[in-house]
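Quick one: dock chain against chain with the hints and give me the complex.
Okay, here's what each chain looks like letter by letter:
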Amino acid sequence: MSERTATPEHDVLAGPNSSAVPNEVAATTQSRSWIRRGLELLRLVRMREGQLFLVLAVLIGVFSGLLVVCFQIAINTTRIWLLGSALAPSPLRLILVPALAGLVVAFLVMRVFPDVRGSGVNQTKAAVYASNGHIPFNTVVGKFITCALAIGSGQSLGPEDPSLQIGAGFASWLGRRLRISRDKVRLIAPVGAAAGLAAAFNAPIASVLFVIEEVIGRWSAGVLGAIVLAALSSVVVMRNFLGAEPLFRVTSYRLGHPSELVAYAALGVAGGFAAVIFTRLISFVRPRLMRLPRRTHYFQPAIAGLAVGLIALAFPQVLGAGYQTIDQAMHGQYTWQLLALLAGVKIIATVISFSSGTPGGMFAPSLFIGAMLGGAVGGIEHHFFPGLTGSVGAYALVGMGTVFAGFLRAPMTSVFMVLELSGNYSIIVPVVISNAIAYVISRRYQKVPIFDMLSRQEGMDLPSLEAQREEATLRVESAVRDYTAPLLHGVQSVADALRQLDASAEQHFLIDQGSQGWSLITKERLQILARDGKGVTLLRDLPNAQRLPHVHPDQPLEVALRRMGDHPLLPVINRVHLDTLEGVVTLEDVLRVYRNSMGGRDAQILK
Amino acid sequence: MSDLSTVERDHICPLCGQPIPAGEPDCPRCRRNFFLKADTILGLTLAGLLVLFVITGFAAQAYHAKYAALGQRWYEHGTGDLNAGHVDAAIVDFRTALIYSRDDENYDLSLAEALIAASRLDEAKAYLTSLWERDPGNAEVNLELGRLAARQGNTDDALRYYHSAMYEDWPGRDPAEARRAVRLELYRYLIQQGDQGQAEAELIAMAALLPPDPALYTEVGQLFMEVGDHARAAFEFESALKLNPKAGEAALVGAGEAEYYLGNYEAARRHLERALREKPDTSRRAELRDMLDLTDLVLGADPFDPTLPLAERDRRVIAAFQQAMRRLAACGAPVSTTGAPGGASPASSSSGNALAAVADRGRALQPEVSAEVLRRDPDSATAIMTFVFDVEQSTIQGCIPPQPLDRALLLLASRRGSSEK
Numbered sequence: 001m002s003e004r005t006a007t008p009e010h011d012v013l014a015g016p017n018s019s020a021v022p023n024e025v026a027a028t029t030q031s032r033s034w035i036r037r038g039l040e041l042l043r044l045v046r047m048r049e050g051q052l053f054l055v056l057a058v059l060i061g062v063f064s065g066l067l068v069v070c071f072q073i074a075i076n077t078t079r080i081w082l083l084g085s086a087l088a089p090s091p092l093r094l095i096l097v098p099a100l101a102g103l104v105v106a107f108l109v110m111r112v113f114p115d116v117r118g119s120g121v122n123q124t125k126a127a128v129y130a131s132n133g134h135i136p137f138n139t140v141v142g143k144f145i146t147c148a149l150a151i152g153s154g155q156s157l158g159p160e161d162p163s164l165q166i167g168a169g170f171a172s173w174l175g176r177r178l179r180i181s182r183d184k185v186r187l188i189a190p191v192g193a194a195a196g197l198a199a200a201f202n203a204p205i206a207s208v209l210f211v212i213e214e215v216i217g218r219w220s221a222g223v224l225g226a227i228v229l230a231a232l233s234s235v236v237v238m239r240n241f242l243g244a245e246p247l248f249r250v251t252s253y254r255l256g257h258p259s260e261l262v263a264y265a266a267l268g269v270a271g272g273f274a275a276v277i278f279t280r281l282i283s284f285v286r287p288r289l290m291r292l293p294r295r296t297h298y299f300q301p302a303i304a305g306l307a308v309g310l311i312a313l314a315f316p317q318v319l320g321a322g323y324q325t326i327d328q329a330m331h332g333q334y335t336w337q338l339l340a341l342l343a344g345v346k347i348i349a350t351v352i353s354f355s356s357g358t359p360g361g362m363f364a365p366s367l368f369i370g371a372m373l374g375g376a377v378g379g380i381e382h383h384f385f386p387g388l389t390g391s392v393g394a395y396a397l398v399g400m401g402t403v404f405a406g407f408l409r410a411p412m413t414s415v416f417m418v419l420e421l422s423g424n425y426s427i428i429v430p431v432v433i434s435n436a437i438a439y440v441i442s443r444r445y446q447k448v449p450i451f452d453m454l455s456r457q458e459g460m461d462l463p464s465l466e467a468q469r470e471e472a473t474l475r476v477e478s479a480v481r482d483y484t485a486p487l488l489h490g491v492q493s494v495a496d497a498l499r500q501l502d503a504s505a506e507q508h509f510l511i512d513q514g515s516q517g518w519s520l521i522t523k524e525r526l527q528i529l530a531r532d533g534k535g536v537t538l539l540r541d542l543p544n545a546q547r548l549p550h551v552h553p554d555q556p557l558e559v560a561l562r563r564m565g566d567h568p569l570l571p572v573i574n575r576v577h578l579d580t581l582e583g584v585v586t587l588e589d590v591l592r593v594y595r596n597s598m599g600g601r602d603a604q605i606l607k
Numbered sequence: 001m002s003d004l005s006t007v008e009r010d011h012i013c014p015l016c017g018q019p020i021p022a023g024e025p026d027c028p029r030c031r032r033n034f035f036l037k038a039d040t041i042l043g044l045t046l047a048g049l050l051v052l053f054v055i056t057g058f059a060a061q062a063y064h065a066k067y068a069a070l071g072q073r074w075y076e077h078g079t080g081d082l083n084a085g086h087v088d089a090a091i092v093d094f095r096t097a098l099i100y101s102r103d104d105e106n107y108d109l110s111l112a113e114a115l116i117a118a119s120r121l122d123e124a125k126a127y128l129t130s131l132w133e134r135d136p137g138n139a140e141v142n143l144e145l146g147r148l149a150a151r152q153g154n155t156d157d158a159l160r161y162y163h164s165a166m167y168e169d170w171p172g173r174d175p176a177e178a179r180r181a182v183r184l185e186l187y188r189y190l191i192q193q194g195d196q197g198q199a200e201a202e203l204i205a206m207a208a209l210l211p212p213d214p215a216l217y218t219e220v221g222q223l224f225m226e227v228g229d230h231a232r233a234a235f236e237f238e239s240a241l242k243l244n245p246k247a248g249e250a251a252l253v254g255a256g257e258a259e260y261y262l263g264n265y266e267a268a269r270r271h272l273e274r275a276l277r278e279k280p281d282t283s284r285r286a287e288l289r290d291m292l293d294l295t296d297l298v299l300g301a302d303p304f305d306p307t308l309p310l311a312e313r314d315r316r317v318i319a320a321f322q323q324a325m326r327r328l329a330a331c332g333a334p335v336s337t338t339g340a341p342g343g344a345s346p347a348s349s350s351s352g353n354a355l356a357a358v359a360d361r362g363r364a365l366q367p368e369v370s371a372e373v374l375r376r377d378p379d380s381a382t383a384i385m386t387f388v389f390d391v392e393q394s395t396i397q398g399c400i401p402p403q404p405l406d407r408a409l410l411l412l413a414s415r416r417g418s419s420e421k
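If you're matching them up, the sequences are chains C and V in order. Quick note on this note's numbering: the first sequence kicks off at 1 and runs consecutively. Quick note on this note's numbering: the second sequence kicks off at 1 and runs consecutively.
Next comes chain V alone, as it looks inside the complex (with noise of 0.2 Å):
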């Protein structure tokens, strides 16, 4: 091995190229010139230093800026490609973007969605878990990991990186806005899929995390109506109109349903008549006006009310009755005594006999509905009412379209089949 310390040359001035005379310790000429000083040359050393560093800064800051003007240049050129559905060039801009702006998240994730829009979702997908394996909490990745998934149909990826997403932090943006459309998202995925039970509760956890946000409240009221939780709905509609009591139509609009379709009449109505008077003009006029008029009819026939005087109960019930024997005839089953069938005929001979028994029942309680054997014996008005709801609810099918008090009627068998339950 050749010793480094021990090579041994002529004894030649390395920097002028001049033999040094014997017992010489440096070369003489140039430990005379000035300019060949080690002092100098030190000190012109640490001057260019300063130089250097400063031109080195500016060229530094001109190739950043460049870079950046460059990245977001062909970011433009991506996202309007993009948009017009050129996705293949815009993948090629969004990959040059990323050249000269590797760190920006907004290209990463824009390539990604292009990727996505391609339909390349294996290449997607590789890119975007090279981006979750590099920052596992970046909230944003996982949304787009989430969606992938979803759409793929891998609903158990789908779950996990949405909730990733919603569990982490989200940069420059208010972090319960951005996790409630997450969530959201999440929410309308899963109704899509038809996973109801999961969907109802990602809204019952939004719920549970709400700001004091009467139009949030209302927002929320009317995704527990599409899951059918009227109950849940007519919660959020309230509390957003007790927030506000001018919290808006759609509050007033969803807390009349939701109290409709729970039984609850009486707060339908008053909602229902404050909506249509704050706002005659709504584009749901006439389906309010229908909702309205039948909640009346409702309220107007119920002959359970326990605040009602017996008279007026009692009128109810042989209302009732008469309108239940008025339905049987005109769907034609034989209701006078001399048994000649009214009305439409029966859909089917099966139906036909169905009715026929339950007219016979009506037959049966006849002598029954006055008011007379109403007083005297309070207990047939439950069967009488009972006989009403079995001959409504008996006629949905198979017949003519109900009238609106038998409409009335229905809803009235129904609300006590559930309270029944």
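Just chain C, same shape as in the assembly (with noise of 0.2 Å):
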């Protein structure tokens, strides 16, 4: 631990030698009077570190929904401005500037931003986990221009993955700056990721939980006060500028009868198979673009780029995030042979588009894709069962989350997505339904999600969250064995105790001191104190009488393992009467369960 962990309640922004400080800044700034009246103000309101990063939290929030206002609204100047105004561009604007824009986005990518490839996830997650939360600021600043530029000119992207780095990465920019210890600096990342990706899906609860599932993997009680903070204000933020309304206008949605959840679940196995496809699809064809000779890697965009102008001769709708179709798919727009057709030309651009190494992210084409399977098998099962109560609205909302369940494999954000998205909390039995069998059909066709499969192609070995999440957790209850030796008590005496050792070939006795806890005695010690006289005295009043911590039986094994010390045995007590013992747990027991435990894919692993 750092020293300044170590005194993690000291003044941070005096920092400690803030005696000197004053003085410093009252030389220093007499040609900046307006700063120093500013700084004045601020060291007002002493802080401490914990106190900070709440702050710190907010104002993070605010600037990444600031920051994400203006890339939404540099996306969408650039398609104006790149492919016109029309809903179908001309088709020489949909074969030469995709692919031009492409030429120019691969040139900043390879020579001026070269950490801006990706959605942006990983690269996030890898900052955590491999870099001390340290995102360079020109990665913000070149994911902001390069993403602009791919996604406004039609590659099929979208920019929600890249808000997140955007807001990881002024996040751990301005926490460097501030020089807030390494490990507020590492958690501050996810803090501005959720911050970043609030604001570019105005759905607070969702990134929240995102940023949890896929980027910390886990529930720290120290970050996750900062995270909701962040992400509520960026959130305020981006509405007060580009509005409260949600991405899409949802239909309202009712159940007729419980029987038409078996609908839904027909649209959770069509996502699930549609979310393995994808993901199979971008295992298969980026690997080999990425292995491709590094020249190449300047034209890849170009023509990936100009393939998807070309779907988008036929299927504008591609181009780009998608949002307006998909609004438009969820008002019974299209045909759902045509919601088919969508579905199937989304996931080859943005595999093209993906592969190609542009930056982007997956996030809104995964929403396109379950609108238009949603809304396809929606309208099919209309077709044949005509009394269905479900508008297509409500399938394609259904659907978006079921690919995004299958697709990304993160359950929960999906749930909370659609429910936060449709604002109608009656849509969660079904969302529940889809989504859960899309998430074990793509746990059970592709092994490893998309973000591992990703990190692994890029070199990386960064935490599998989806196996953290799943991991068994051992317990006390698995190495417990029973306490088989004579058991003291603090109110018998010593010479009391001897004789009820007597048979015993034990060498360690637990005693129980009633209100007290519990003790260790060695027979050895007993017959001593004997010998020195003090056979009356009370096992109780012993001096340096070894306390000993004690473990329940459902708490994880490693607790024990920390208990331990250089204790021989711990006593498992019964957590509702804390009188009763359960037995007793030595390092023997723990490392053998451990040894046992090992199998699967830890055994693999070591293989």
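Quick caveat, the hints were computed from the structure, so don't treat them as lab data. Cβ coordinates follow ideal geometry from the N, Cα and C atoms, glycine included. Treat the hints with care, since some could be wrong.
In the SDA-like style, the derived pairs of lysine to any residue whose C-alpha atoms are separated by at most 20 Å in a straight line are [said to hold, decoys possible]: (1) V:K66 x C:W81; (2) V:K66 x C:L82; (3) V:K66 x C:V276; (4) V:K66 x C:V228; (5) V:K66 x C:S85; (6) V:K66 x C:C70; (7) V:K66 x C:I80.
Derived CB-CB ranges, DEER-like [as the list claims (entries may be wrong)]: (8) C:F384 x V:P175: 54 to 60 Å; (9) V:A89 x C:E245: 25 to 31 Å; (10) C:A221 x V:R173: 53 to 59 Å; (11) C:F385 x V:Q196: 50 to 56 Å; (12) V:L49 x C:E558: 39 to 45 Å; (13) C:G222 x V:P175: 53 to 59 Å; (14) C:W81 x V:D88: 38 to 44 Å; (15) C:E471 x V:L121: 54 to 60 Å.
In structure tokens:
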């Protein structure tokens, strides 16, 4: 632990040498009176690091919100400039613009901003796990420019993941500049990530969940409050500038009859397989393109742009993020045949765009594919079962969450995303059913989640958060053994205890000290005490009695390991009846359980 | 699992990248540099926040303005295309407009209208239904759905949506006027469907909610005339004239016609005379003149007016009988005592037989048709007039067109029949 974190309560703004600061500031800021006055005002509120972290979270949220607003405006304005304002751009523009923009993007990525490749999620994870949360500021700038150009020129990618990285990058930069402790810098990147994603998605809860599910990988009380604050701040800012309307105008939903859930289950199956196909295509195409000679990387985004432009000649809906098309699909604007086709061509277009190394996200494409697939499945079901009450829009909405759950393997995020987008909690049952089925199918046929797969393709071994989430926790109960030796009590005398232990071959004996807890004594020590004439001394009055920590059967085994220290054994106590000894656990027992549990994935890694 | 809080790294300054000397809690280089101090950075960050806020504000404003302008431009394109009959182009235009102003109801509804115009009724219905699901209380959407259902001949849905449109709010418009327009549209649809009863019910509901506006009363009166509800029509016209005695030609003519059809010839004559007096150059002058003449004839031929002196009543009865006999003769019935038929021959033998039978009754009555007999037996007037009415009604078809007095007697017969019923 660093010195700063060892004393986390020191004054962060003033620093440890705060007594010297006023003189320094006074001397340096004579010509900068406006800054000085501001700083003096700030200094009035001297903050501990924990407090500063929360204030920073709000600041990061506001900044991220503003950056994402500018980012969205840049994307949309670029699109109008490059492709025109028409729904279907002219064929000439479709062929030229994405290809030429691809050349520019490739040059920027190869020569100026080498860290902006990919969606941004893995890069943020890598920063958290491998670089102490360090994300270079030029990545923020590069991500902003290249993604605005790529998405605005029609590449089939989305702005959410880049927004996540922009938020994380800014937070990382600010944290470093403010010289907060390294631990906090590491945690501040996810805070910015949540803020960026929340602003891009207009869905703060889903964004918080995604960052926890996919970036941090666990619920951490230390950072949760900051993440929530940042996400909310950014959403408030974004709504202030771009309006409070959700990304899509969601149709109302009601479940006519419980049997209709079968229809949503069918959507889950379709969504699961679509997610598997999408993931497998990326896993097939991307490494092959990455392995091509470096000089080809200058042209891959251009060729991808040309391919997407050609697809767009027939299906202009695949261009860019496709939010408008999702909105139109949710309002019954397309026949189910066209919806099914759009789902298919969007998968192809996104695989081409993403695999070519063009920076951009996959959230929006996965939502697009899900909405089209959901609408198509809904349309087919309505065709054959006209009595179904769920509108095509409702199916499209559920479909978005379904493919999202199957493709990104973020089941909680997908459920809450749909709830936030729809504002209708009655849709939760079909969403959960459909998402769960898609998730299970995706896991069954695509072992490695998309983000893990991408990080491996890039030569990184970031922790698999899905594996972590599902890792079985070893508990004390699996290592506990019966305590067969005589149990001593604090009210017994040394002589009495010795008599009780007379026939026992054990060396260590537990003493129940009642409300004082447990302690341990050896037969040898009791004999010495007796020899020293302390036979009448009560066990509870013995000096230097070795107090023992205890554990409960349901606690993780690592707790026992941590508490074990040099103790030969630990008492395992019933949680409800604290005077009931369930057994004991020894270091040997703990190691035995760990050894036995090594199988499957761990064993493969060791091999 | 990697524990984020326990990862340890070299003691390198994250700002300048230089090693931090052992024992120093902080990077001394960065601590000395004003622009690397935490306080300075925080202050500059806040200043930067303000600057970014302003920049974003301007950018967002320009962005929204641009989007609104593009939306309006594409909407105007769409309207132009729709008016020019290029409905497919209009659909694309309206969809494009919605990309830039997706919450503009006008654009939404125009798209739905274009889809309907293109006969893409299923798409239009799906689109409108989704709009309706988003806002079931949107009167415009309900109206469009009502129109669509009407176009598809689905009267139940049409009624439901039209009624919803009537009962919802109409922001930006006078709700009463909008509801009246919707009800009128529904009425027209129902008339077209031949559902006169439901149409009349809509009119009655509309009439009950009319504001004190003579023009509206006149309009509704004309609609009641369309469905043949002359009593309600007369009431509406009279109400219009009460509200404003100078309500206009339409009210006067309407009142005159309604009273005429109701058999209230006095009132009819009053209104018609006034209408012709006040608007002598009316386009319907000939028609109204004819109606007024007929009304005069009816009033002059009616023997049942209780205010008539007996002598005048008897004269009218006799005149009516003579006209009936002339009518019979004109239609070829044997009316003379010699039995020779005169005038046009009856169209068929069966009608000829019927006319012959009527003529027989006439000849039998002939002796009683005198002022003397009528004075002696006032009830014989009823029998004579019954004969007259039978003659006029039985010669409506299969005979030469009736003379004006025949038409007047027919009207009297009709009124008599109605009153007896």
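Let me make sure I understand: some of the numbered hints might not hold for this structure. Which ones are they, in numerical order? Of the numbered hints given earlier, those the structure breaks are 3, 4, 8, 11, 14, listed in rising order.
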